[in-house]
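J.: The chain contents come next:
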Amino acid sequence: MIYLEQFTYLLASALFIIGLKYLGSAKTARRGNQYAMMAMAIAIVITLVISGIAGPVQIIVGMVAGGLIGGIIAKRIEMTSMPQMVALFNGFGGIASTLVAYSEYLEPTTLPITLDVNITLILSLFIGTVTLTGSLIAFAKLQGIMPGRPIVLPMHQILNFLLMIGVVIFGVMYVMAPDVPMWPLLIIAAAAIFGITFVIPIGGADMPVVIALLNSYSGLAASATGFVLSNNVLIIAGALVGASGLILTQLMCDAMNRSLFNVLFGAVGTDDSTGDAGTGGGEQKTVTRYTAEDAAMIMDTVQSVIIVPGYGLAVAQAQHVLHEMAEMLTARGIDVKYAIHPVAGRMPGHMNVLLAEANVPYDVLYEMDDINDEFQNTDVALIIGANDVVNPAARTKKDSPLYGMPILNVDYARTVMFVKRSMGAGFAGEANPLFFDDKTMMVFGDAKAVVTGLVKSLKEE
Amino acid sequence: MESLIVSIYVFTLAVFIGFELITKVPPLLHTPLMSGSNAISGITVVGALLAANANNWKLSTVLGVLAIMFAMINVIGGFMVTDRMLGMFKKDKKTEKGA
Numbered sequence: 378m379i380y381l382e383q384f385t386y387l388l389a390s391a392l393f394i395i396g397l398k399y400l401g402s403a404k405t406a407r408r409g410n411q412y413a414m415m416a417m418a419i420a421i422v423i424t425l426v427i428s429g430i431a432g433p434v435q436i437i438v439g440m441v442a443g444g445l446i447g448g449i450i451a452k453r454i455e456m457t458s459m460p461q462m463v464a465l466f467n468g469f470g471g472i473a474s475t476l477v478a479y480s481e482y483l484e485p486t487t488l489p490i491t492l493d494v495n496i497t498l499i500l501s502l503f504i505g506t507v508t509l510t511g512s513l514i515a516f517a518k519l520q521g522i523m524p525g526r527p528i529v530l531p532m533h534q535i536l537n538f539l540l541m542i543g544v545v546i547f548g549v550m551y552v553m554a555p556d557v558p559m560w561p562l563l564i565i566a567a568a569a570i571f572g573i574t575f576v577i578p579i580g581g582a583d584m585p586v587v588i589a590l591l592n593s594y595s596g597l598a599a600s601a602t603g604f605v606l607s608n609n610v611l612i613i614a615g616a617l618v619g620a621s622g623l624i625l626t627q628l629m630c631d632a633m634n635r636s637l638f639n640v641l642f643g644a645v646g647t648d649d650s651t652g653d654a655g656t657g658g659g660e661q662k663t664v665t666r667y668t669a670e671d672a673a674m675i676m677d678t679v680q681s682v683i684i685v686p687g688y689g690l691a692v693a694q695a696q697h698v699l700h701e702m703a704e705m706l707t708a709r710g711i712d713v714k715y716a717i718h719p720v721a722g723r724m725p726g727h728m729n730v731l732l733a734e735a736n737v738p739y740d741v742l743y744e745m746d747d748i749n750d751e752f753q754n755t756d757v758a759l760i761i762g763a764n765d766v767v768n769p770a771a772r773t774k775k776d777s778p779l780y781g782m783p784i785l786n787v788d789y790a791r792t793v794m795f796v797k798r799s800m801g802a803g804f805a806g807e808a809n810p811l812f813f814d815d816k817t818m819m820v821f822g823d824a825k826a827v828v829t830g831l832v833k834s835l836k837e838e
Numbered sequence: 111m112e113s114l115i116v117s118i119y120v121f122t123l124a125v126f127i128g129f130e131l132i133t134k135v136p137p138l139l140h141t142p143l144m145s146g147s148n149a150i151s152g153i154t155v156v157g158a159l160l161a162a163n164a165n166n167w168k169l170s171t172v173l174g175v176l177a178i179m180f181a182m183i184n185v186i187g188g189f190m191v192t193d194r195m196l197g198m199f200k201k202d203k204k205t206e207k208g209a
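Residue numbers (this note's numbering), protein chains in the order written: chain X, 378 to 838; chain F, 111 to 209.
Just so you know, not all the hints are guaranteed correct.
Below 27 Å or equal to it, Euclidean Cα-Cα: the simulated BS3-like pairs (lysine-lysine) are [to be verified]:
hint, chain 1, residue 1, chain 2, residue 2
1, X, Lys452, F, Lys200
2, X, Lys404, F, Lys200
3, X, Lys404, F, Lys201
4, X, Lys398, F, Lys200
5, F, Lys200, X, Lys825
6, X, Lys825, X, Lys836
7, F, Lys134, X, Lys404
8, X, Lys714, F, Lys200
9, F, Lys168, X, Lys825
10, F, Lys201, X, Lys836
11, X, Lys398, F, Lys134
12, X, Lys714, F, Lys168
Simulated from the structure, these hints should not be mistaken for laboratory data.
Keep in mind that this is a model prediction, so the values were computed, not measured.
Turn these sequences into a full structure, and let the hints steer you where they fit.
T.: Set out below in structure tokens:
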């Protein structure tokens, strides 16, 4: 029977890997997700078959309750809220690992408990709990329950350091005297506080990095539980998620030209709400203001448009009307493309999902590296609700917080159109010199109102 | 100790496969990748089932039941929302627009 169990887990692991492989292409992604579903179903069924169902009520209660809650969330969640959902789910993964590890401590499946089981048990409790509380803080920041600005306590890093030392000491005490119930609880407590102090100093704008990192931790927590139970499918599936989260973390850091260390410990950023930092005194430069009608007239004369959407677009819920405008332009023979910066939106790939929801076909969505050379041959770069990711100061201004961040080369386009609510700077607080350029048209207003106006003017012609 | 060594082997190789596969996922699909990862990390449900599978309501069993619940939220919620999202990704149908 042990062979049946092991081979079935192997089959499930292979299906997870194939599923992830198919997730690598838009054409096959849905099938990939289904393979992973199958893998999960197989793993669950074989576990129940092999262990025999001793407590059917307990199992049904847990499965039905979780399944219902998960199903309702999945059906109801708005695409703009995906970052919060992923953050919350990371936390659920963490707490599940902690609960399993603690239950294993109370009622071991195999006796005697060896040293290596005890060590992995500590790891599982620690990673699971840090993932839980860290994710809850990330969720609260994204949901607006907590302010998005960094919260730094007095002696913050020393506190973190002491908590880590505490975990190590409690861990050693636990290994020496596993029967004392206090030690695992102290490990959980220290890990819980550490998860909080780890995430609160990170600003709202850096949350994409944190969610990706916690995504990785939730996988590692599952892996650690697999170590405790010597269960390979847990180890493999957890490791895949751990690797995935880590890669996304690195990609997000690269897209902001920041090191992970700087994101985690730099306490960068101001309040999450819209930047109200004005243009800053000094010399008063003039900005040319235009209306949606002016913009529509320009659109009448061009051949190519690249749209650069930012999170402001999603906040204004202007994706659908933007798509309507793009369709109208395309119908007139204008070449319309979208340029997506890696940090557009609130989590990796978020903007693509928001546009896909508005029926924008994915083959007109271009990544930064694929489209950056095209701006110089483009008539209009239309920037909606974005700022930092198109700020040329990132290329030249050495003392700018944006310096070195890869940007979309909108300033190479023949005409640059900004649809923005105000002159305000972006998260980085860096004024955008492009606003004052002769070829720039500033159209102030709510993204939805402006684009609706554009559509109306285009229709009237 | 031997099982720990085997576990470390398996873990290390799986991490390498993970890196290899995920690097190839385009930014277009990063959000579904993350919600799909949520679902996959719900694999802890296997451990939770073992912990909860007892005909009593001792603390260890109750914790197991809670673990099943949280892991199943991830599994069902993660897979369903990923499927919903991927269903939105459509290729341009040029024929639809005609002239």
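J.: Are the hints correct? Go through all of them and say.
T.: Verification of the supplied hints:
1. X:Lys452 / F:Lys200: holds (20 Å)
2. X:Lys404 / F:Lys200: holds (9 Å)
3. X:Lys404 / F:Lys201: Since the Cα atoms of X:Lys404 and F:Lys201 sit roughly 9 Å apart, the hinted pair holds (cutoff 27 Å).
4. X:Lys398 / F:Lys200: Distance of about 20 Å is within 27 Å: holds.
5. F:Lys200 / X:Lys825: holds (23 Å)
6. X:Lys825 / X:Lys836: holds (16 Å)
7. F:Lys134 / X:Lys404: Holds - the C-alpha atoms of X:Lys404 and F:Lys134 are around 14 Å apart, at most 27 Å.
8. X:Lys714 / F:Lys200: Within the cut-off at roughly 15 Å; holds.
9. F:Lys168 / X:Lys825: violated (56 Å)
10. F:Lys201 / X:Lys836: holds (26 Å)
11. X:Lys398 / F:Lys134: holds (8 Å)
12. X:Lys714 / F:Lys168: violated (60 Å)
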